[in-house]
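Asker: As a plain string of letters, each chain reads:
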Amino acid sequence: MMASAGVIDLSLWQLGLAVLLVGVVIVISAREALGLERDLVVGAVRTIVQLYLVGFILASVFAAGRWYWVVLLLIAMTLVATQAAVARLKKPIPGGYEIAATAITVSTAITLAWVIGVVVRVRPWYEPQYAIPIAGMILGNAMTSAALAGDRLQSDLRARTDEVEALLALGFSGRDAVQPMVRSAVRAAMIPTVSGMMTVGLVQLPGMMTGQILAGASPLLAIEYQIVVVFMLAVATSLASLLFVRLAVGRYLTPAHQLRRYLL
Amino acid sequence: MPVLADVSFEVERNTSLTLVGPSGSGKSTLLRCLNRLEEPTQGSVRMDTRDIKELDPLQLRRRAALVLQTPVLFEGSVADNLQTQPASARVDLSQPRLARALTDVGLDPDFLDRDGTTLSGGEKQRVTIARALLGDPEALLLDEPTAALDPPNAALVVDTIAALRQSHGLTIVVVTHQPELIRRLGGCVLYLVGGRVQANECMDGIAHELTDRRVRAFLDGQRPRAAR
Numbered sequence: 000m001m002a003s004a005g006v007i008d009l010s011l012w013q014l015g016l017a018v019l020l021v022g023v024v025i026v027i028s029a030r031e032a033l034g035l036e037r038d039l040v041v042g043a044v045r046t047i048v049q050l051y052l053v054g055f056i057l058a059s060v061f062a063a064g065r066w067y068w069v070v071l072l073l074i075a076m077t078l079v080a081t082q083a084a085v086a087r088l089k090k091p092i093p094g095g096y097e098i099a100a101t102a103i104t105v106s107t108a109i110t111l112a113w114v115i116g117v118v119v120r121v122r123p124w125y126e127p128q129y130a131i132p133i134a135g136m137i138l139g140n141a142m143t144s145a146a147l148a149g150d151r152l153q154s155d156l157r158a159r160t161d162e163v164e165a166l167l168a169l170g171f172s173g174r175d176a177v178q179p180m181v182r183s184a185v186r187a188a189m190i191p192t193v194s195g196m197m198t199v200g201l202v203q204l205p206g207m208m209t210g211q212i213l214a215g216a217s218p219l220l221a222i223e224y225q226i227v228v229v230f231m232l233a234v235a236t237s238l239a240s241l242l243f244v245r246l247a248v249g250r251y252l253t254p255a256h257q258l259r260r261y262l263l
Numbered sequence: 000m001p002v003l004a005d006v007s008f009e010v011e012r013n014t015s016l017t018l019v020g021p022s023g024s025g026k027s028t029l030l031r032c033l034n035r036l037e038e039p040t041q042g043s044v045r046m047d048t049r050d051i052k053e054l055d056p057l058q059l060r061r062r063a064a065l066v067l068q069t070p071v072l073f074e075g076s077v078a079d080n081l082q083t084q085p086a087s088a089r090v091d092l093s094q095p096r097l098a099r100a101l102t103d104v105g106l107d108p109d110f111l112d113r114d115g116t117t118l119s120g121g122e123k124q125r126v127t128i129a130r131a132l133l134g135d136p137e138a139l140l141l142d143e144p145t146a147a148l149d150p151p152n153a154a155l156v157v158d159t160i161a162a163l164r165q166s167h168g169l170t171i172v173v174v175t176h177q178p179e180l181i182r183r184l185g186g187c188v189l190y191l192v193g194g195r196v197q198a199n200e201c202m203d204g205i206a207h208e209l210t211d212r213r214v215r216a217f218l219d220g221q222r223p224r225a226a227r
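Those protein sequences? They're chains Y and V, same order as listed. Note that numbering that gives the first Met the number 0 gives residue 220 to position 221 of the first sequence, counting from 1, and the numbers run on in steps of one. Note that numbering that gives the first Met the number 0 gives residue 68 to position 69 of the second sequence, counting from 1, and the numbers run on in steps of one.
Just so you know, the hints here were simulated from the structure itself, not pulled from any lab data. Predicted model only: the values in this text are computed from it and were never measured. Ideal Cβ placement from N, Cα and C applies to all residues, glycine included. Keep in mind that a hint or two might mislead.
What the hints assert, rightly or not - Ranges of calculated distance between the beta carbons of each label pair, as one might list FRET restraints:
hint, chain 1, residue 1, chain 2, residue 2, range
1, Y, G249, V, D219, 46 to 56 angstroms
2, Y, R174, V, D114, 22 to 32 angstroms
3, Y, V119, V, S93, 27 to 37 angstroms
4, V, A162, Y, R186, 39 to 49 angstroms
5, V, F8, Y, A86, 46 to 56 angstroms
6, Y, P254, V, E137, 23 to 33 angstroms
7, Y, G249, V, A162, 38 to 48 angstroms
8, V, K52, Y, I109, 56 to 66 angstroms
To be verified - One-sided and incomplete, this derived list gives chain V residues near chain Y with beta-carbon spacing under 10 angstroms:
hint, residue
9, E38
10, T40
11, R45
12, M46
13, L57
14, L65
15, L72
16, R130
17, G134
18, L140
19, C201
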């Protein structure tokens, strides 16, 4: 195998040496009776199989260089992200799948279009080397924040039912009565992103930046990209959580401004 | 399983109706149906001959104000809490009006600046009643207003409610286990068991006592025991 510029190629037996690291974890688990051995083996196998699978798919999409393959891959990634976000909710929301799909798709599409089309100016726009990893980062964060916001909305509505009904009883509209919960859910989903901005680069180097530096990019170019990424993820997480919460909260209200308590 | 079945009754303007019965008998659900916090799956609720489904639910809730069992005070002072009113309701929120609302429920106007969290349970409940009164409702719906209170505080809230009925000419529908409140309010008593009306009895004048054996037996069982 050819080494790309500045990167040390990894041979299969070198990967094998990395597997030994998991062996260490399994030994620790066994000695300390953590009971994680089985999960570790399954997890290790899945890591290898899933990543190889993704590697082959990416390699062929990169090689093909066709926009429709890129779009198809993005759609598949969005579906997986939607599924994962819905699965993280403790209690199902009626129409949760559609809500998550809308929130994740819209927030990702807007952010991706701005970053690829306006900021980085990738030409052609579907250049897989840019479009796929950037979309992946946005999707992953949009998914997490949508799930976080949804979870928080549910638990807040449950814990603060009396508060909502007190406002409804005073003649507030359903939207107004749940506004405090909407706000706290979106806040909860955005806090990790905002506090991440405070310490970025100081505690540990972000994954993408690390990857770029390992791949031989200059640290200055790497941080420039990282700045774009931080801001891009900030907008993606806020859009995804806000959209998700705004759409989801409607499911808990009736047109007659009643709280559907049985859903909580 | 429906919570309520074959429940039919009328409340005259300026009178009161008390809903009594064991827990789980559907009293609270019935009360919540009256201002459409809950939607009956069958049947209808009428206000001045109009089905309440034809009314704007938000206006209906200001005309028939519901006070919940657990008093909900929002962050901030008592004044902030009294001012928590929908903008569309155009409630008079001037200081004198807020002070009067507090006096109406037997609280000193000095309470306006107090932090809501520092109030006792009975004071909180009276603030929530004052908040409901600010919207000038025609009817007051009260869900076990004294259930969470100790006897002295409960007695104060009973006094407040009985006084309000007189002074404000309110129609009152109340869920309660308090024989004292029932006696003071007079009016009619609806005894619910398992979502069905077991007795519906009215008292004409304060002196009149309830005669239905089952209602009396139920209420006697609710009196605090002397020996503990």
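Asker: Evaluate the given range 23 to 33 angstroms for the C-beta pair formed by Y:P254 and V:E137.
Answerer: 24 angstroms, holds
Asker: Per the hint of 46 to 56 angstroms, is the separation of the Cβ atoms of Y:G249 and V:D219 within bounds?
Answerer: Between Y:G249 and V:D219, where Cβ atoms are some 48 angstroms apart, the hint holds.
Asker: If you check the beta carbons of V:F8 and Y:A86, does the distance land in 46 to 56 angstroms?
Answerer: The hint (46 to 56 angstroms, Cβ to Cβ) holds, given that V:F8 and Y:A86 are roughly 48 angstroms apart.
Asker: For the restraint on V:R130, tell me whether the closest CB of chain Y is nearer than 10 angstroms.
Answerer: 7 angstroms, holds
Asker: Could you check if V:R45 really has its C-beta closer than 10 angstroms to a C-beta on chain Y?
Answerer: The hint is violated - V:R45 has no Cβ within 10 angstroms of chain Y, the shortest such distance being about 16 angstroms.
Asker: Go ahead and decide if the range 38 to 48 angstroms is satisfied by the Cβ distance of Y:G249 to V:A162.
Answerer: 42 angstroms, holds
Asker: Hint check: is the beta carbon of V:E38 less than 10 angstroms from a beta carbon of chain Y?
Answerer: Holds - the Cβ of V:E38 comes within 10 angstroms of chain Y, reaching about 6 angstroms at its closest.
Asker: Within 39 to 49 angstroms: is that where the Cβ-Cβ distance between V:A162 and Y:R186 falls?
Answerer: 43 angstroms, holds
Asker: Does the Cβ distance between Y:V119 and V:S93 fall inside 27 to 37 angstroms?
Answerer: The hint (27 to 37 angstroms, Cβ to Cβ) is violated, given that Y:V119 and V:S93 are roughly 58 angstroms apart.
Asker: Per the CB criterion, is V:L57 less than 10 angstroms away from chain Y?
Answerer: With Cβ-Cβ at 5 angstroms, under 10 angstroms, it holds.
Asker: Tell me if V:C201 is really an interface residue toward chain Y, meaning its C-beta lies closer than 10 angstroms to one of theirs.
Answerer: 27 angstroms, violated
Asker: Hey, does the V:M46 contact hint survive, CB to chain Y under 10 angstroms?
Answerer: Since the shortest Cβ distance to chain Y is 15 angstroms, the answer is violated.
Checked against the numbered hints above, the structure violates hints 3, 8, 10, 11, 12, 19; every other hint is satisfied.
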